[in-house]
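Protein chains: 2
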Amino acid sequence: MKNDMLTCNMDRMEDKIVTFSKFGDAGHGGITRFSLSEAALQARAEFCNRMKTMGAEIKTDDMANIYAILKGSEDLPGVVMASHLDSVRNGGNYDGVLGVLTAMEVAETIVTEKISHRRPVIVMVWTNEEGSLYPPAMMSSGVVCGKFDKKAMLASKSPEGKTFGEALKKSGYEGDISNRLNPKEYIAMLELHIEQGPVLEAEKKDIGVVEGVVGMVNYRIRTYGQSDHAGTTPMKYRKDALLAAASALKYLHQELDKLDSNLVYTTGEIVCHPCVHTVIPDFVDFSLDARHQDPEVIRQVVKVIENIPKEFDKCRVEYELQWARNTVAYNKELVGFIKKNADAYGYPNMNIYSGAGHDAQYAAEMLPTTMIFVPSKDGHSHCEPEFTPVENCWKGANVLLQTVLDVDRK
Amino acid sequence: MKNDMLTCNMDRMEDKIVTFSKFGDAGHGGITRFSLSEAALQARAEFCNRMKTMGAEIKTDDMANIYAILKGSEDLPGVVMASHLDSVRNGGNYDGVLGVLTAMEVAETIVTEKISHRRPVIVMVWTNEEGSLYPPAMMSSGVVCGKFDKKAMLASKSPEGKTFGEALKKSGYEGDISNRLNPKEYIAMLELHIEQGPVLEAEKKDIGVVEGVVGMVNYRIRTYGQSDHAGTTPMKYRKDALLAAASALKYLHQELDKLDSNLVYTTGEIVCHPCVHTVIPDFVDFSLDARHQDPEVIRQVVKVIENIPKEFDKCRVEYELQWARNTVAYNKELVGFIKKNADAYGYPNMNIYSGAGHDAQYAAEMLPTTMIFVPSKDGHSHCEPEFTPVENCWKGANVLLQTVLDVDRK
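The listed protein sequences correspond, in order, to chains A and B. Quick note: the first sequence, position 368, residue 380 per my numbering, numbers continuous. Quick note: the second sequence, position 99, residue 111 per my numbering, numbers continuous.
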């Protein structure tokens, strides 16, 4: 690290993490902070207060996304640092919120150290990234970027039957549509996030230079057998859909393991009918989620799935594509800034693709965007044991700070 | 068939099947007739009326089991033909009820044809064989034979919270404990039942000569992995409990297939956690039910299960025995009568073991017992497509009739 390089303040970083972990504290190390819930509104109020104290102007758009704006010295498009404050049920204190807290720390450093900047520097909070109470995930970035229909989103219902639209109205954060993130007033969006995987930790890297979000396909594989009594049907007459599903699952693992070693694929969900210990299953349905940055590898995955044998263990096998997502490549210049700044601080780093979805992937369709990853202890995310040491958070904030200043100079 | 052999009446047999299929008619070919429900009480009333018309005396015991007694010419222990009138939800018109209807037809033939008999001939209805509303199955035979505690059974609750005891009180069929089936007043119990499997049909046999009920073991097999994000966890770091469960299931099938070809085993139930398509499963639990008449084969099954590798695909594997049942052998003399009578009528027949449980297996612990199986179309049971052609029902009744007369001569 060059001696003259600016850094954020590690104590302040820690204070932010500790403070925000109280909003929605579930009592055993994690939080439940659904978007626009009381806990989320507490976190938003704390965010707005702190940003106002720094001299930021607060705006919100029609999806309750918050923009805390530190004015620049010139009338130029702004640099946005954005993430989300909401969590999954019994989530941790890092997924999402760390992107907001590091952005706040970057802003506080700029203000405290009186760093001059030409462009507005914006700390932004996306509403309902997790979609835990009101699906889908990445709801407001999807609306702002034109992926989702706003009316349909307002009608999205919680399991208790409350709509997102009602929660939005009640929140006090509903603002004007003209305030939405847009490519005219903003030049770049940066999002810091925990990796949510074990790679950085295993490879002993402090910073993940995120090149993009991997493409994915999601299939259902189904096997059709014959339901009969467990005690009275000789083996030779059986068509056991669960045995066939196990065969199909093993077959797919075997074939997919032959493809690129960076491919990740998951058979995470299984449904068995009738699922009674005394009855031979007649129907099994399992999911297959496969992700890779190279569309050619995804094509190979599709080929494996679509060439699966039509029958296993005398049971018919079918597949159905549920959805697919193309690889999203982040802005090369911004990715280059992240890499340069991590190197300049002397932080071990590596290029990485995001396997999970983030608001940044939608934002990338509108304006130059990239992400910074920091390590996740044991790769945990979406659970209470989620953890990133404060020093890693601080290092991430430092890289974010320098990148904001790089963009400011553009 | 010898020219002078008595037979039951096929038209009367059909009338009985058609009549009883109305009680609890579910509207699409089958019935829902939970024990002591209104539909079951209608069937009981029809049974009692018809038996009274034949001159039978009706008694009930404290579990509402019904005994319709045709007096014999001597004061000797009686011959019981018994089965049940209750069904599972959306069950068929044969499982259970056919045993009662063939017994009624045998009684009607004896009365109509004025066949003299020394012993009382009893048509008996067991209460709550299915245990569909008030578990467990084979409830009252279990109580009468001392397997189940009556107090606990009276407290058994339906999903709506009504107890079996209340239903019993309300039914009007609660009788005296001294009327229970017992080895002093009764010399044999015979139960005709559909096979509930495809063997007789496939082997083109009219009659299954049931030698006993197979022994069984029931295990749970569990795999323990690590839950992580589907998109962010490289394959080499994964511990996928569902992949491990598929491996364990395939391994067990492969090893158990090496044992006796009459062994039946079923992996019918599977539970996966968290069962989300974007999360690697950390826990899977599946059932293994294995049945065979030879305790040695069951011992081999136990050996296979208990020697399962402790790990598949980096996941820990555990097993747990849930319950076991020893093989029940039916009375050899009675089994011999069934065989002899089927042969005498010229009905193709084969010896067979029951894979399912029946009231007869509990009765067998008190007095000489056996069963007659008739074919199940496509092996179906516990479902609406359950079907046995009336000619097969009638043939079964004929064998039952001759066997009652054999026992009468003892």
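Just so you know, not all the hints are guaranteed correct.
Pairs count within a copy or across copies, as identical chains cannot be separated in the list.
[As the list claims (entries may be wrong)] Once the Cα atoms are required to be at most 30 Å apart in a straight line, the calculated BS3-like pairs of lysine-lysine come out as:
#	residue 1	residue 2
1	K389	K248
2	K262	K322
3	K248	K344
4	K262	K248
Calculated directly from the structure, the hints in this document are not laboratory data.
Results for each hint:
1. K389 to K248: between (50 Å within a copy, 17 Å between copies)
2. K262 to K322: Intra 15 Å, inter 19 Å, cutoff 30 Å: intra and inter.
3. K248 to K344: between (60 Å within a copy, 29 Å between copies)
4. K262 to K248: both (22 Å within a copy, 16 Å between copies)
Of the numbered hints given earlier, the model fails none.
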